[in-house]
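Chains A and B, in that order, are what the protein sequence lines are. According to our numbering, numbering within the first sequence proceeds without interruption in unit steps and concludes at 259. According to our numbering, numbering within the second sequence proceeds without interruption in unit steps and concludes at 607.
Note that these hints are calculated values from the structure, not bench results. Take the hints with a grain of salt, since some may be wrong.
[Said to hold, decoys possible] A few chain B residues facing chain A, derived, Cβ under 7 Å:
id, residue
1, 211
2, 233
3, 234
4, 241
5, 258
6, 267
7, 299
8, 313
9, 331
10, 380
11, 419
[Claimed, not checked] The calculated lysine to any residue pairs, modelled on SDA-like cross-linking and capped at a C-alpha distance of 20 Å, are:
id, chain 1, residue 1, chain 2, residue 2
12, A, 185, B, 331
13, A, 198, A, 253
14, B, 471, B, 490
15, B, 546, B, 534
16, B, 405, A, 259
17, A, 185, A, 253
18, A, 185, A, 94
19, B, 546, B, 501
20, B, 471, B, 459
21, B, 546, B, 571
22, B, 471, B, 511
23, A, 198, A, 179
24, B, 546, B, 510
25, B, 471, A, 200
26, A, 198, B, 338
27, B, 546, B, 479
28, A, 198, B, 342
29, A, 185, A, 91
30, A, 198, B, 579
31, B, 405, A, 91
32, A, 198, B, 329
33, B, 471, B, 342
34, B, 405, A, 185
35, B, 546, B, 442
36, B, 501, B, 479
37, B, 405, A, 248
38, A, 198, B, 287
39, B, 546, B, 511
40, A, 185, B, 460
Think of the CB as a built atom: it goes at the ideal place given N, C-alpha and C, for glycine as much as any other residue.
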Amino acid sequence: MERDPDRFWNPYLAGVALGLVLLGSYLVMGNGLGASGASLRLGVAALGVVAPGVVERSPGLAHAWAGGHPFDFWLSFEILGVVLGGFVGAYTSGRLKWEVLKAPAFPRAKRLALALLGGLIMGAAARVSRGCTSGQALSGGALLSVGSWAFMFSVFGGGYAFAWFVRRQLR
Amino acid sequence: MTFPFWSLTAESRELGLVAGVAIGFAFGFVLERAGFGRAQKLAAQFYGTDMTVLKVMFGAIVTAMLGMVLLSGLGLVDLRAVADNATSGTYLWPMVVGGFALGVGFIVSGYCPGTSMVAMASGKIDGLMTVVGVVAGQVIWTGIEHLPAISRLQNASDLGHVYLPDLLHLGPRAGPAIVALAVTAMAVAAFLGADRIEKILAKPAPGAPARATPARRAVFAGFAATALFALAAAALPTGSAAVPAGPPRLTPMELARRVLDEPWKVRVLDLRPMADCAAARVPGSECVPADQLGKLRLADANPAREIVLVGGADLSAPPPAAAAYPGRVALLDGGFPAWKVFALEAPPPPAAGASARELDTWRLRAGIAAAMTGVKAAPPPPMPSGDAPAPRKKGGGGCGG
């Protein structure tokens with residue numbers, strides 16, 4: 089099979105495939121998919137090693153720390169799978185490349201700073217809304233949770249509201 | 207019920223974690239193949255030139271939703287149990303505010319938390335930066351979320367587990383199927399609209415293949431067929447699906463866990479005569495003799511807490527006054543006698559050579575029995591609190607409700 093980095097699955101078929109993965113997760117694990125839960129545990133575990141005093145002083149961090157070792161948490165294993173799956177997918181499609189994705193004229197340092205800033209915002213937001221696009225919108229939306237649907241429309245609202253301000257970044 | 211397997215229970219935990227890696231692998235691979243490791247493709251959703259995000263996301267939601275509703279209609283999966291386990295409760299305002307902020311972070315970074323992992327795995331340095339940001343953002347926020355102002359925002363409007371069919375007061379069997387059909391119709395309309403917008407705004411890339419309409423037709427037809435099949439399965443009066451599951455029952459162990467771990471989420475009502483209840487009862491329970499249950503006006507009560515009914519003997523069904531409660535009502539299996547045997551008598555020590563699991567169970571039970579009997583005399587029982595219902599607050603808002 090030839091590798092064409094610009095060739096993607098048909099979005100409708102990709103949607104069905106993603107839905108079947110999610111359905112499999114419900115049936116086999118009794119849980120949906122998630123992306124932000126594991127990163128909190130890993131982050132708190134890392135902080136606990138570097139600066140245990142900080143973790144002890146904050147009730148929220150201490151609670152997450154007491155919640156257990158990140159390697160005894162199924163979402164950590166799921167995330168390990170996501171990284172492996174993403175790597176294999178990128179390798180087999182010819183998209184595996186060490187690079188910064190940005191619009192050609194956009195400065196590289198600025199792009200990296202915005203990527204970090206957006207990540208920080210999303211990390212905090214995922215705590216407030218108890219999940220991100222994977223755990224809340226996708227997994228909760230398919231189970232018809234009211235909060236998940238409110239969250240999902242809000243995500244699109246936030247994206248469209250701010251798209252104009254960063255319009256030169258990626259296109 | 208055949209599903210779910212609950213792969214993460216103690217007996218099969220290692221296997222469950224391996225299954226977790228496999229499911230994650232499929233998740234990551236599909237995201238990559240859909241193009242979600244590329245920030246330009248994700249961001250294009252918000253400039254209208256490429257609506258892949260909307261199509262993949264809604265397509266996945268419709269697929270998984272129809273699968274669950276269909277299997278539930280056929281009696282193969284306990285939809286409510288999976289939903290209560292896999293979703294968080296609804297905190298309406300935090301979710302609206304958090305969703306908006308997450309959308310801002312999405313367009314600023316070009317990724318969402320899950321797709322940033324895929325981008326990182328395919329070597330994108332900006333994806334790596336976003337992963338670092340998401341981890342740091344979560345840790346920082348978790349570090350400060352106990353502050354009163356943040357905690358107030360974050361825990362506002364807690365509606366408990368609430369689902370779209372509940373809002374429309376549709377039945378537990380037909381409701382999910384009807385809502386699923388409506389969501390499917392809405393998604394298909396959104397797909398058609400998205401294709402139209404793309405056609406107007408996108409500059410067709412040179413050499414790009416023509417839109418694969420056969421795939422779209424096949425997917426739409428599959429959705430329609432599954433949705434109708436799910437509706438038919440839910441409407442069938444007979445078959446395995448029609449056997450009512452009855453009210454949920456809690457074993458004394460499950461009740462003990464709730465009472466000890468999350469007492470604010472349960473309201474335990476003891477229906478035995480006042481004298482029996484005053485002598486010994488489940489900690490935190492209210493003594494409400496069965497004939498006084500109507501005074502609590504449970505039909506108008508806030509449905510956030512689960513009600514657990516404790517009877518003098520095994521209850522077969524909740525009394526009508528409790529059944530009218532809009533939230534969950536569960537029965538204690540075996541009534542108070544079962545609780546007494548479980549919690550108030552020290553369990554016999556395990557035999558020599560007992561398995562680690564038996565030892566664990568014994569340790570837990572012995573701990574519970576010690577904690578429950580450590581109090582020599584029970585404090586006086588609270589009286590039924592429903593004699594004079596407080597006037598309902600007018601209007602919403604504030605911290606109450």
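Now the hints, each set against the structure:
no., hint, in the structure
1, 211, "5 Å, holds"
2, 233, "5 Å, holds"
3, 234, "3 Å, holds"
4, 241, "4 Å, holds"
5, 258, "5 Å, holds"
6, 267, "5 Å, holds"
7, 299, "9 Å, violated"
8, 313, "5 Å, holds"
9, 331, "5 Å, holds"
10, 380, "13 Å, violated"
11, 419, "10 Å, violated"
12, 185(A) with 331(B), "10 Å, holds"
13, 198(A) with 253(A), "14 Å, holds"
14, 471(B) with 490(B), "12 Å, holds"
15, 546(B) with 534(B), "24 Å, violated"
16, 405(B) with 259(A), "18 Å, holds"
17, 185(A) with 253(A), "28 Å, violated"
18, 185(A) with 94(A), "13 Å, holds"
19, 546(B) with 501(B), "27 Å, violated"
20, 471(B) with 459(B), "16 Å, holds"
21, 546(B) with 571(B), "12 Å, holds"
22, 471(B) with 511(B), "5 Å, holds"
23, 198(A) with 179(A), "27 Å, violated"
24, 546(B) with 510(B), "28 Å, violated"
25, 471(B) with 200(A), "44 Å, violated"
26, 198(A) with 338(B), "16 Å, holds"
27, 546(B) with 479(B), "16 Å, holds"
28, 198(A) with 342(B), "19 Å, holds"
29, 185(A) with 91(A), "13 Å, holds"
30, 198(A) with 579(B), "64 Å, violated"
31, 405(B) with 91(A), "27 Å, violated"
32, 198(A) with 329(B), "18 Å, holds"
33, 471(B) with 342(B), "31 Å, violated"
34, 405(B) with 185(A), "31 Å, violated"
35, 546(B) with 442(B), "42 Å, violated"
36, 501(B) with 479(B), "15 Å, holds"
37, 405(B) with 248(A), "19 Å, holds"
38, 198(A) with 287(B), "46 Å, violated"
39, 546(B) with 511(B), "24 Å, violated"
40, 185(A) with 460(B), "51 Å, violated"
This entry does not satisfy hints 7, 10, 11, 15, 17, 19, 23, 24, 25, 30, 31, 33, 34, 35, 38, 39 and 40, going by the numbered hints stated previously.
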